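Visitor: Following the hints, put chain B in place on chain A, whose structure we already have.
Now for the letters of each chain:
There are 2 protein chains.
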Amino acid sequence: MAKIAPLSGFPEFLPEQRWVERAVIDSLAATFELHGFANIETRAVEPLDQLLRKGDTSKEVYLLRRLQEESAEGHAGMGLHFDLTVPFARYVLENAGKLEFPFRRFQIQKVWRGERPQEGRFREFAQADIDIVGRDTLPFHHDVEVTRVMVDALTRLDFLPAFRLQVNNRKLIQGFYAGLGIEQIDEVMRLVDKLDKLPKEKVHELLLAEAGIDAATADRVLELATIQAADDSFVDAVRALGVEHELLDEGLDELAALVRGCADLVSERVAVVADLSIARGLDYYTGTVFETRLAGYESLGSICSGGRYDALASDGKNTYPGVGISLGVSRVLVPLISKGLVTASRAVPSAVLIALVDEESRAEADAVASSLRARGVACEVAPSASKFGKQIRTAERRGIPFVWFAQADGTHQVKDIRSGEQVEADPATWTPPANDLRPTIASADNQ
Amino acid sequence: MAKIAPLSGFPEFLPEQRWVERAVIDSLAATFELHGFANIETRAVEPLDQLLRKGDTSKEVYLLRRLQEESAEGHAGMGLHFDLTVPFARYVLENAGKLEFPFRRFQIQKVWRGERPQEGRFREFAQADIDIVGRDTLPFHHDVEVTRVMVDALTRLDFLPAFRLQVNNRKLIQGFYAGLGIEQIDEVMRLVDKLDKLPKEKVHELLLAEAGIDAATADRVLELATIQAADDSFVDAVRALGVEHELLDEGLDELAALVRGCADLVSERVAVVADLSIARGLDYYTGTVFETRLAGYESLGSICSGGRYDALASDGKNTYPGVGISLGVSRVLVPLISKGLVTASRAVPSAVLIALVDEESRAEADAVASSLRARGVACEVAPSASKFGKQIRTAERRGIPFVWFAQADGTHQVKDIRSGEQVEADPATWTPPANDLRPTIASADNQ
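Those protein sequences? They're chains A and B, same order as listed. Residue numbering for the first sequence follows this note's numbering, beginning at 34 and increasing consecutively. Residue numbering for the second sequence follows this note's numbering, beginning at 34 and increasing consecutively.
So that you can see chain A by itself, here it is in the shape it has in the complex:
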């Protein structure tokens, strides 16, 4: 057999690490469902022409080919999806007649990108997407709704670092630039987006050199981009810049409504901040845009992004506007888990190891196990009837907190191997403390 080595960009977890990932995914799914979002999964492959619609990601697509391609059947035209938005748009069109709109869906799946692996970037990774899609129209209050849902979902992940949602609105920026008389709006946006990498002075230079605007206009553009507020006070700050435009008014109203609409959910764990520097691939978003930073992990970039797109999909007859956010599950978890900053309390689901007196009593041990399982207590029977000390060490190595002993007189005892306390117990009624029933998740900070 060839040498076995991990594959760069394709992270995998040990069982106890996977437990953390599953806990996160289960928690996300439970929150999304409480808000009425239905789950779907889409196939891993899409026709290449669909995948290439987004343009600049084309080089990242993995194409499929069968090992022995005998026919011209067309696998050459299929690739692995690189996000969950393109497949979702296709799914909506394909099933539009069978869906009720507004359609709320969540989707938690792996996606693949052939890019160079680096910190926070993988070739295979999990995303959790929520979207609300309407037929022909989708009122703005759904922008507030998806934000509230994601804030709720992130808040419940209380073993992860704090999140900071940064929100902006494309209409606001576009209207502001238009009000300033700027013609090359997209070019100005592209340059302002460099603010997180270049100093302000350098961006100012570029605005003059590449976008052809004057210094006073560039000043205004940069003043707008530096406005931040955790409440709707940003409206006055923008108004103070003295720019007037109908689209600006609309953007300000929407962004203010979004920040106010989330105010009651904001906490120490999750902040929602209007940040007028956020651009977020404004090429296809049409209103609200989101980015999210993880406290202490700002170098990962945005770990939860999205926005409003007024034409997610269209079939000629109907247009389907949508608003959605995508959480980079792997991007958040792989660094935290692989550094051991978030851990599960044990590697196996078992709360109890049933000790074996001898191999002949395995059926009786199985009966005890069945009795515990019938009440939801995960357990396993010792692999062999070795000395009790060795059986206890087996439990210890697996992190199993309790060992069960059948006594010669037909009674039973259970030992908490952490405290050494051993008590009489009935397989038909005993349960471990709630905290020991399933592996628990802890973060380095809480320990």
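Do not rely on the hints blindly, as some may be mistaken.
Just so you know, same-sequence chains aren't split out, so a pair can sit in one copy or run between any two.
Calculated lysine-lysine pairs in the DSS-like style (CA-CA distance at most 25 Å, straight line) [claimed, not checked]:
#, residue 1, residue 2
1, 143, 372
2, 350, 131
3, 235, 131
4, 372, 131
Simulated from the structure, these hints should not be mistaken for laboratory data. Please read all numbers here as calculations on a predicted model, not as lab measurements.
Guide: Positioned in the frame of chain A, the structure of chain B alone reads:
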């Protein structure tokens, strides 16, 4: 946009169908965990040399290529996994130093095969695998254990048709053939495996013509293959054929122990039957083998298969013997779900639609929704403040059983739109009946 059409061999579900699939996956995972199995996921891709070790599946592998392959970095050597056994064997070797043996794991993931789509065969499908792997040794009682776990898991899927596990043992067959003096054991097995497609007489002919055995020996071979029993009475039936061999004894002992070891779990829903015709790719299994038929869907073939392999993986220093079973989740569910034979009671998780008096009261409706969600009641606020009759029809179309109304006097009422009954309710305490809290699953038979 190009014409949107489903892709043959890549099944996808509507939200209410996906609910059924998730219920099955959640139930399987919960059962596997009760038995101490830890979950893992492996990456979707494996090096091609690993994927081709199984030999005859080579033509089914999907290879990966990046759209713009600039470097010789080696994606040409990667393919999508076509089962979960090859990746698991690689995972065990890669992480052997960090795992505790015997290692119990379950894995529920999509796999891909480039074969021609046909009934029960897909190009992308989900499998649920359980395996127990030892280091160097793995006692036989684990064969009984995996069988019991899968019987338990299938039993709990009470909205699916009945399952029939057919078990056999390679040592039994091999020993029997050897005791008969047969030299071309593999060739005889291959021909006997045709019994489910060809009449007995035809197989008899082939045994003489192709395996070169005499008519009397062929009679014995076919007599063995027709033995079936739901208990250990098959042992006497085999003994009555008068063949003696040490390996036969071992196989008989193991198979009898397996059938006896599952006797207490057998029910109307799940049968365990010794079936001495089962061959199941005996090329790499070394003892126990399993196949499973779904009542009324025998044409699907085996939907749950596996066995004992004494060398699942080896790194030169250690060998890792294993025993496992793989349930074809998609193979079972796609026909049942797409024919509407198993359905969810609604397409959305929401149990309640909060009606809206006017758009200005949306924040109050959100507050009611938050209050319900805090106690685990999934709900959604009406998309618009249309007439109440229209809002009720919105709920009806989605299958949402309850509509919530805030009254002008500050009290609240909730209406069961199926019965029309409307009662006063407090958002801080009201919960729907347990049966309405989440979508429920029903099979055509139970309705």
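Visitor: Can you give the numbers of the hints that this structure goes against, from lowest to highest?
Guide: 3
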